[in-house]
Amino acid sequence: MSPWTPSQGPRDVSPISTAAESQVIDHWLLNLPASASNDPFISEWTSQPDNHGTINILWTSLFTVFLCSWTMLCLNLPAKTDGKLSIFTRKLRWMAYAIGGPEFVLGAAAGQYESAHRGVQGFKKLNHPDWTMRHAFFADMGGVILHPRNGTPFPVNNKHLIWLVENGYMAAPIINEREI
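Residue 127 in this note's numbering sits at position 107 of the sequence shown, with consecutive numbering throughout.
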């Protein structure tokens, strides 16, 4: 069989017709030995046992959705009073939101991004250009704790920090990006 050239017109895209073509495809595209089966659709394919079916597809799909929705979550830092069960149930709740309505999680992420961006812009206006998006996300996640003289420590976000620095109640926090 001679090689096809564009001048010959449209090429027939029917399944492979000869054993030689099948072996070439098996060897070069599928990286199979040249002695593989001559059937182009079952070259060195190992079939599953008879008891695999729809339920296996469903379980693997659900497991994949579970893993993806679990690992994509970057929740706020837990409070010191939060126990393992509280942290676990919070993550499960957000995972359910991600599976049931991914647009809710996308909306929350967009809001957090906008808040972090406003924080960076606010610190730039206060002549602190070293405040980056990483700093801003860290502050909004509860990573910056304010320790008042006569009170209980509590987390502050970018909006609070900008107000405190702008009104002279505190100096801008100096946080190394590596510490975050």
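Everything labelled a hint here was simulated from the structure, so no lab data went into it.
One thing to keep in mind: the hints can contain errors.
What the hints assert, rightly or not - Pairs of lysine-lysine residues, derived as BS3-like cross-links and limited to a Cα-Cα distance of at most 30 Å, are as follows:
hint, residue 1, residue 2
1, Lys145, Lys111
2, Lys100, Lys179
3, Lys111, Lys179
4, Lys144, Lys179
Unchecked claim - Derived DEER-like restraints, expressed as beta-carbon distance ranges:
hint, residue 1, residue 2, range
5, Ile107, Tyr189, 28 to 34 Å
6, Ile75, Lys145, 24 to 30 Å
7, Ser106, Lys145, 36 to 42 Å
8, Gln132, Asp102, 31 to 37 Å
Where a beta carbon is used, it is the ideal one built from N, C-alpha and C, also for glycine.
Verification of the supplied hints:
1. Lys145 - Lys111: Judged against 30 Å, a Cα distance of about 36 Å means the pair is violated.
2. Lys100 - Lys179: holds, 22 Å
3. Lys111 - Lys179: holds, 25 Å
4. Lys144 - Lys179: Answer holds: Lys144 to Lys179 is near 13 Å, not above 30 Å.
5. Ile107 - Tyr189: 28 to 34 Å: holds, 32 Å
6. Ile75 - Lys145: 24 to 30 Å: violated, 59 Å
7. Ser106 - Lys145: 36 to 42 Å: Taking Cβ atoms as reference, Ser106 and Lys145 lie about 37 Å apart, which means the hint holds.
8. Gln132 - Asp102: 31 to 37 Å: Violated, at about 19 Å.
Hints 1, 6, 8 from the list above are not met by this structure, while the remaining hints are.
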